Structures are given as structure tokens and as C-alpha cells.
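Protein chains in written order, with this note's numbering: chain R, 1 to 339; chain H, 340 to 678; chain X, 679 to 1017; chain G, 1018 to 1356.
Hints are computed from structural coordinates only; laboratory data are not their basis. No experiment lies behind these values; they were computed from the predicted model shown. Some hints could be false.
[Unchecked claim] Example chain H residues on the side facing chain R (calculated, C-beta under 10 Å, incomplete):
no., residue
1, 409
2, 413
3, 533
4, 587
[Unchecked claim] With the C-beta cut set under 7 Å, the calculated list includes, among others, these residues of chain X facing chain H:
no., residue
5, 709
6, 736
7, 737
8, 741
Beta carbons: idealized from backbone N, C-alpha and C, even for Gly.
Protein chains: 4
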Amino acid sequence: MIVKMKRTSTQAEYDNLVNALKNRGFSIKDVSSETVRIFGIIGDTATLELTDVKAFDGVEQVIRVQTPFKQASRTFKESDTVITLPNGVHIGKDHPVMIAGPCSVESSAQLKAIAGSLFKQGIRILRGGAFKPRTSPYTFQGLGEEGLLLLREVADQYAMAVISEIPSSELLPLFEKYVDIIQVGARNMQNFQLLKVLGQSKKPIMLKRGLSATIEEWLMSAEYILSQGNPNVILCERGIRTFETYTRNTLDLSAVLAIKELSHLPVIVDPSHASGRWTMIGPLSKAALSVGADGLMVEVHNDPENALSDGAQSLKIHRFDTMMEELKSLSESLRRPLI
Amino acid sequence: MIVKMKRTSTQAEYDNLVNALKNRGFSIKDVSSETVRIFGIIGDTATLELTDVKAFDGVEQVIRVQTPFKQASRTFKESDTVITLPNGVHIGKDHPVMIAGPCSVESSAQLKAIAGSLFKQGIRILRGGAFKPRTSPYTFQGLGEEGLLLLREVADQYAMAVISEIPSSELLPLFEKYVDIIQVGARNMQNFQLLKVLGQSKKPIMLKRGLSATIEEWLMSAEYILSQGNPNVILCERGIRTFETYTRNTLDLSAVLAIKELSHLPVIVDPSHASGRWTMIGPLSKAALSVGADGLMVEVHNDPENALSDGAQSLKIHRFDTMMEELKSLSESLRRPLI
Amino acid sequence: MIVKMKRTSTQAEYDNLVNALKNRGFSIKDVSSETVRIFGIIGDTATLELTDVKAFDGVEQVIRVQTPFKQASRTFKESDTVITLPNGVHIGKDHPVMIAGPCSVESSAQLKAIAGSLFKQGIRILRGGAFKPRTSPYTFQGLGEEGLLLLREVADQYAMAVISEIPSSELLPLFEKYVDIIQVGARNMQNFQLLKVLGQSKKPIMLKRGLSATIEEWLMSAEYILSQGNPNVILCERGIRTFETYTRNTLDLSAVLAIKELSHLPVIVDPSHASGRWTMIGPLSKAALSVGADGLMVEVHNDPENALSDGAQSLKIHRFDTMMEELKSLSESLRRPLI
Amino acid sequence: MIVKMKRTSTQAEYDNLVNALKNRGFSIKDVSSETVRIFGIIGDTATLELTDVKAFDGVEQVIRVQTPFKQASRTFKESDTVITLPNGVHIGKDHPVMIAGPCSVESSAQLKAIAGSLFKQGIRILRGGAFKPRTSPYTFQGLGEEGLLLLREVADQYAMAVISEIPSSELLPLFEKYVDIIQVGARNMQNFQLLKVLGQSKKPIMLKRGLSATIEEWLMSAEYILSQGNPNVILCERGIRTFETYTRNTLDLSAVLAIKELSHLPVIVDPSHASGRWTMIGPLSKAALSVGADGLMVEVHNDPENALSDGAQSLKIHRFDTMMEELKSLSESLRRPLI
């Protein structure tokens, strides 16, 4: 951590701060020039918040140079994390995986129709929402436990693993009973209480990037889970908020590359939520494979016009089939075949 | 809600969508011109999500013209909402209120020192964090229930009301026992599960604006609480994320004016979190009163350099005293005296 | 254009606005419901600014439903625009093109070394900055006319076309003399005076997307050029500003898809400026080809560590060679071979 | 400037970079710890771009700790800059000034009607656009030179100074002839060619903040003007782009406080463009005075409903009169009376 003192700061202010830091066990390396007083704080600065240092009189700027995350970093663990699901599917490292299913679980019939089609394409992980975080209290909120039960039943028929989004920590026992991967939604990325509780679970956690989160904040949220003892975190890039309104969000594929540099955790791309437009799912999926994503998560629906949520960003089954052919071919030419 | 069809859309696509909408009880008014097919959907469109309509083939754009919030709107309730606390303080309408206290409750001694000073300035509402949403799991997380207990004890000595942030819905019984206003933090603004639970409480809720939330999204989160039966929602503008890094966030004072036009709910301004710099708290507080905010919430600390969190944005007590003199004088010249 | 009147608006205010619009030649279609007064304005609304209508008393909201751009739209011209350069290279439609070269022209030796290597890879368009828009007045500002001259000379040796950025309209004669494509930089995207002047040139114009421009604003800037009579506009996505700081900007590949839906103009991707990191250029180039970009523009340097500008985002020549092999192979499997 | 090397960097990479910097005249102070290699670059780092250093192999991060602007900084000049106009009005330091007038000059009659009313309120600086930067080429583009002439004639009648926006550097002779302050619009804030030319003028320049510019970028643009020899720069905060759409932009009043800390230049606030809503101009003007702005610039129109541009954000004259009474009273209670 680097501290720059104000032009108008006094020697007493400098001494006061330096002594306080030494008392907390840090050592100091001064890099002042003639015109500016600057020093580095050496030690475990992950335990130090920028604002703690800024509180001192005379401080102009405090800059973090070491990443505040530890267990999520490549420094902590060099090799790619691979997560193995109960049905034998691996996430991370060698093969990108495809996760697919409806936005919301609506009925047994709907789910069976979709899962059956996915199975034919070789899909091994089924997604579906049972507790939906809708922006309006007046719209469909999901089937709740019944939705989780349906997901489990249908997935078991096809030896698929199940992923679904948890809305709140008190529902953890329910999710541990029914699902194989617990998803944390973008709006809960900094619900630290939820992250702590999930850190005590043994289930893999898929952590979606927050709507306007930086990569560092995202990895700090992963750190919350890891620091509680759960090493199985999957990151999911799903677009960030920008000024552009033509698309629902702006898919940030550079983030996949950045995560690969900074962290050992697998990272998945969700082009459905990123664009909010089914016409873009195919091309963006190809792009995600091109930058080396560890998988894709897409919304597929047998009848999107009558879907109870997010129909605009769901692929019809025949379009999904066409897309899968193209993705399989592309992934082979990229030498990381999709599974 | 206005629907614009694609240039390439067919009559069959148009009929398909219009019929589906009619089946859901809406009526249709066509405004097509020669070059573009456009129509309005008439009815309770708050129950309709934009994406539901976008899912239909042939749709280019769907635009909401009626606000998706109902009970939060001025149309629903013309007169300003006034919330009365157990100690007799009113929030809303006539007088702006001052809420003050430390970022985190650290000890009995700290809290007594601060509250005693606030009391001399006539402050009637004490703030303090007991469960802190920190971005790093390695930093101080708050005293928990002990912090709430300390807040209650110290506040009672001075007939003050207490406000503190709730991190998770399962802690509601604890908060109902100790505090008078339950705060929802910016990072939880779209934690819909928490909002629903708080909607069933009888305590006033202070809902902070999310880090990059629009005013409409903020009011939709208020709607979640209102729609469950709790009418006592206070909004709190605390700065939004922008590209500027000199300040922690960018205080959006136009939002106060917008809320006054769109809603009957009281709106408070938090200049401490907005700027992250104690030097800006005084001037931004004046600006907030100038645009008609219903109150201010500021961080005050007896020893910010040794604060366990957010010292950089806390005022020392003697500076708070000076600021209060200036604010009282300004608020009188604005004819809305601060209480 | 749709107008929504305020809840509190009067019949007189409504009549006043409607009459003013009729006087300007528009017709009106009313879509009011019981609770809200709304109407559509029919006619050439591209000549009407939103703020013109908002100025009227009683207006709450004005929404544009027809795109404000005309000649840039697919409605105006269905088929893809193809631009042919003097050396016979086509931009648009069938084959993506590769544009490469140094950020700045520094010397004849530098340029020859780079161009020679590019030629071996089959590159037919050479880029290089002669007038550099630097954020600091204290850094290298480019060689000026000498830079343009060097570009022309070296390009002619290899039958390459030349592209370079114009800083200001009075330099147009110079650019018309030396270059084949005139580039408008991101910071000048809304320099309307420059756009008008370029609209009177016969040279193709490459218009970079502004740092935080929406797609609509970008196409409106293209419209400025088109409306003056120059039909040869190439768009260039080069990343937009977001909260992420790990990358210089955030490459928005959905924008390529959006442009293809909305417009007939070719769109190129610049992964060098988008990411600011040479390690990301290869993967992002693949992603850009995957979504159907009409070309790529990348920075290549023979000695980036001693480059006079933007070395961080330049590929060394041997890395460029490796990347080209991969891109050629990928573009063939995508069935749009790179030229 | 602080450089952090990659975890995987080698001693040779470190030596290579350090030697290159020493060859450019910088000295190096190493602050490495056991786990990370970090050093400071000492010298005139304003001549060094971050990307120049990032180009070296092995570099992870480069952080600027000294401001890249020099002449614009308080370090360069401690005391507030005061600019005196030909009519004797001072901008900066003691008294905030009011600048008012129509968005566009439309006719002699319009300008006379407005200026006469402003004169009665004591306004000494008249604003008006003659060359309008409109986002659409199909809307009113301003009267051009005739507009400047009208401004000058009408202003002279009332001994007012004139401010108007310059669209392009070749028009400088015209602006030097007619106006007293030359305005650079937000969209031209980084039109460096224009800034350089204005730096050679003797006229005061009002530099508007770019639509999504940081404070540092804004001051760097001021630096362009100052570095060419023109010391008379006035900054103008006019709102920045955020996700909020209820207001046209988001007024950033913390920026006024930041400028006062970082720079000696005067800073003016434009609440008309910031909000795009005339109802907010009064309250935001009060807020701007409360934070210590050196002045206000507002749009006033005798007939906004028939204005040729930006009527939505113009105050009618009678509303302007009411606002002025309130602002005069407020500014007196703030002890910085408005002139």
C-alpha cells in the first residue's frame, strides 16, 4: 500500500501515521522526493482498509498495490481449479461446459420438454430458477421449493447436474438437498452475509458478477466464500451495466482474460442475461469460447413467448440445436472441445 | 407500455402478440404510421415485464410509459408521508432531521462520548453499525448483537431514536428488539427477499440507494416493502458510482428533486458515504438542505484515526459542532429549520 | 415520438402542445388511457429534438421510437455497404480485413521494419498516427506532415492503403493528399464541425466510437458525414469506458451485432485500444471475428519498449505473426476468411 | 510514479526497465517486499505516460502519484485565479457571478427581450449560442456569425460581457472579434487541437467538463490551454453522464469542492444542462452556491416553448426573476453575495 501525503502536510502528521502503522505491525519504506512525501506500507495489507489510512490528517491518497484477495489469487494457487460434480462433469481447465435450461421452472411438462431436448445435445448441467429475483413485486416470483424438486426429478432422469439461484441464506438447507451448484445472483454479489453462509457449505457456488462490479470486487466476493472454507467457486460473467441500452447489459469478455491472469478459479459466460436478446446468444457464445471461457450458461425455452420470465433472452429449442452444432465445430477448431 | 415492431415484422407476428396481450386482459391502441408499426398496451402494465413482451417474434422495442411502481408514487398518495418515531421525532414534510453517530459501534466508551456530544447539538437520532458489510472478509465485521444493545442503552440515556443496518432477514427479530429504524444498505437494495421480510415489519425502513441504481429501480425496491404492508419507508441518497475516483461516490442531489416529484416518501442525504472525505461533509450538507432534503445522516467519531471502519469520512466532534452551527443558520434562511 | 403528459397537466396544456406540433406539420395519434394522457407524433421526427417538446408545460416524458438517424439505417439501405480502396481492397460484407501498424509513426526505419513484416503476413492496410491526441501536452505529439509522408512512401512500396487520424478540419487537404482512409478519433466523435467537413470529402472515413457513446449517438455522428454527401463511413468499436480499470476500456462486442442489425455500414474492431494490454489482443481478435466484425485494427511495433506512444498495447512482430496464423485458421473455420 | 512488477517477472526484466528509466533521467527508489517487486520513479513524471512504462515486459501495474497537470495545480499557484472582463466584472475568489441568456441566439427581438430582463436583475454577462453542436444534422445549427454580432450589439447596450461556444479552431478570429469569454463545449473537452489554439489567444476560456470526464482529465485539458500561454481558464461543471435518465446528466457538486482543493482556477456551475429540466434549476443553483461555486450559468428564454433549441431546460423570465431573489438572499446568508 502506497501513501501520498498532502502538499501541506506536516512532519508531525507524517510521524503520527507512521507510528500508528508500526504499532499495527507494519513496516514502512519511504520513497519521498523533494516535492512530495510518499511511503510504502509493507506487511499483510489485506487486513487494512484504504479508509483506515485516509482517516489520518495530512493524507492525500492511499493506493493499494497488492491485491486485497488472497485465496482467490494465482499467487495463492498456481494451477487451475477443477470442480467435479456428482454426475462426473468437470468444470475448469480443459473442456468448456454447456449449462442450459429455462429462466424459471414453470411446470413439470415444460421442464421435461426442455431437458429432453438438451439431453439430445449432450448437455449435462440443467439450469432453472425456482426463487426469482424480479425487480417488480407484482410479477411471477418462482415456484419455490416445488421448482427445486421438479429440477431434481427431471435432471435425475437424464443424469444431469442441477444449478439454481439461492435468494437468501436461510434457504441453504433446501438448496443443499436439491441442487448440485448453488448460484449467487448478480444483485447478491455483495450480500456478504449470504456469502459467508455459503462458505460453510460443501456445494460448489457459482458467483455471478454484480451489475457494476469491478473484477477486484468480484474476486473479493469470491474470497468471502473461500475464506470460510469452501474452495469450489465458479465465476460467471453476465454483462455489466453501461450507458448502452440496445443490449440489456454489456458483455465484458476481457474480464474472462483478466480472471485467467489474476485467479485460478473457473469462469463461465452467460450471454443470455448479458445481451437480453436471443439473436445475440449464438455469436456471443462463440466469442466467449474464443477468449477461453470455461463454459457457457444459456437460457433455452420450449415456448418463450409464453414463458413466465425473461422470454426475450431465451432460445427456442430448434435454434439452440443449430447453435450447438456451430459451437461444437468452433470449439474443436479452437482445440478445446465443448462437453 | 408502447411496443414498436421491427421493420421486417409480419402481420401474423403483430396479430400473435396483440392476441396474447388481449388474452391477458390488456387492450390495445394502435399508433402505427406508414413506415412503422407501433401500438400502446392499456391496462395494469405494472404486472407486465418488458422482457415478457420482447420475447415475441417481430418486436423491436418495448417502452414503459407508466411508472412500474404504484404505492411509492405521488399518483397513489398525493401528500408527503410523515413518519413518527417512538421518541416523537417526525421524518418528512416540514423539518429536515439530522441523524449522526459513528460508522461502527466499537465500545461503550466510544458511543457514550459521541452521543453525549451529539445530544448537546440537539441530535435526536443516533446511527451506528453493528453488522458491517465490509468488502474484505479480513477486516472488522462489527460487534453484532452487543453493538445493537450498546446503541439502545446509550440512545435511551438521551431519549434518542436508533438506526442501524440489517445485513440479513433472519436477524429481523434482533433489530425489532433494539432499533427504531432499520437500514437497508446500498449493496442490499435489490436483495428482494430481505425487502419482502421487512415489508412485514412495523418498523420504519431506511432504504439506501444502490451503488449504480436508477431512481426507478430504487423506487421499485421501496415498492417491495410497501406492497407487503409496511408504509414507513425513508429513502436515502448516498452517492452513485461514476468514473470519478477523487470522491468515493458522486452525490446525486438532482435525485432528491426527482424523488419529490415522483414519490411521497421522505428522502435523506448521506454526504459521508457519498464523498468518503470528511472535508466535503459540511458543504454537501448545505447543498442537500438547499435542494429540500428531509434530513441528513453523517458520520461523527471522537477518534477517527483509530476508528475500526471508515475513519476517512467521519467528522471529528469539534468539526461537527462547527458544521451544525452553519447548518442551523442556513436552514433558517431557507425557512425549513433543521431539528 | 411518444409524449406522456404529467398527471397534473391540463387540457389547455395538452391543446397548446398538440397545436404547436400540428403547425409544424406533424399529425397526432392519441393513446390516452383513463389514468394517463399519452399521444404519438407522426411525421419526420428526426427534425424534432426531445428537448423541443419537453419545453412545453405539462409534459412529463418524451420518447423517441423511430431512430433519429436516416441514411445510416438499414431501413434506408438494406444491403451491406462495401468500400473499395485504391489498392483494390474491399471493406464490408464478405471478408474481414486486417489493418495493422504502429500507434505513432516515429521514423522511416521504424515504419519500414514494421511494414515489411506486415507485408509478409499479407496485410494490405497500414495504420500509423502522425498527429497524436495525447491527454498530456508534455508528451510526444506526433511527427505531423512528415509522418503522413513517411506512411505514404512506405505503403506505396508494398501497395498498401494508408489510414491515419485527423485531429482538426483545417488539415483535410493534407490528409486528402496522403491517406486513403481518414480516421476520426474517439475523442472527436462528436466534433460535429469536423464531421461536416469530412462529409464533403470523397475519402472513406473511419469513425471511432466515443469513450462513453451509445450506439445511437455513434450512428448519429455517422449520419453527420453521410448527410453531407460522403457515403463511405466505416465504424470502429474500440472499447467504452466502464468502472473496470484492469483493462483500459471495455470492448463491447455486442455493439458489432447491434450495428449489423441497425445499419448497413461496415464495422471494424480495435482490440489494442480497447484493452490497452497486448496479451489480450489475440483472444479479443478471435472473439471479434466470431461475432462477424468486418475487420480488425491492431497495433504492431518492432520495439514497443522504446515506442514513443502506447507501447503497452502494441504486439511485437513475432507475436503478431503467431496471432495471424491463428486468426487465419479461425476465420476459415468461421467461413469468412480474413484478407 | 509507482511500478509494480508481475509475480512472474525476472530480475532481467526489472533491470531492463530500471535502466531505460535512468537513461531518460529518472531516479529509482525501490520499495519491494519479500512477496512483491515495487519501485518508485522520481523526476518529472508528467512527461511520462503510464502506457510507456506498461509496454515493458514484466510490468503488472503503473500508478501515478503526482498529478499529471502542473500549471493548473494549487502547487504551482497557491492563490485563487481571478479573471477580469472588459466590463470590469471579476470571476473567481470573492463573489460568485451569474451568467444568463438563451441557449441559442435566434433573433434580435428575442435577444433584446431577454437581455433587457436580465439587466434589471443586475446580470453582467450574457450567454448565447451562435454555432450549436447538435446531435442531429437535421436540427437548427445556429445563426453563425450573425448570432455573434447580435450578441455583441445587444450586450453593448447593457454594458454586458459576452460568452459563446466555439465549435472549431478556424473560427477563432471571429470569436476574438465578438466575444469576451470563449466557451469550449463538453464534447470538445478533449479536442486537443482546439485547446492548443485557444492557448495562444488572450481571451478567457470557459472549459466545460466532458460528458464522462474525470476531474483529472478535465484539469489536463485546462493544462493544454495554460501550457500554451493563456492563464485565463474558467472551469464549468455541467453534469456528467450516469445511468440515471430522469435527469439529462447528473450534476456533480463534489467536483466543485475537488477543484477548489486541486486547482486555483475558478469553477462555475451550469444547472440547466446538468438537469435538462427547468424545475430543477433554482434548487440546484442554491446547492451550487452552498458548495462555494464561483458562479452560475443558466438558460433563460422569453418563449421556451418556441425556442429553437433546448427549451426544456430554459427558465421563463418571470421564473428567473423569482429565482434571482432567492439566490441573492441565500448568497448573502452564505456571506458570498452574488453579483
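Results of checking the hints against the structure:
no.	hint	verdict
1	409	holds (8 Å)
2	413	violated (19 Å)
3	533	holds (7 Å)
4	587	holds (8 Å)
5	709	holds (4 Å)
6	736	violated (14 Å)
7	737	violated (12 Å)
8	741	holds (5 Å)
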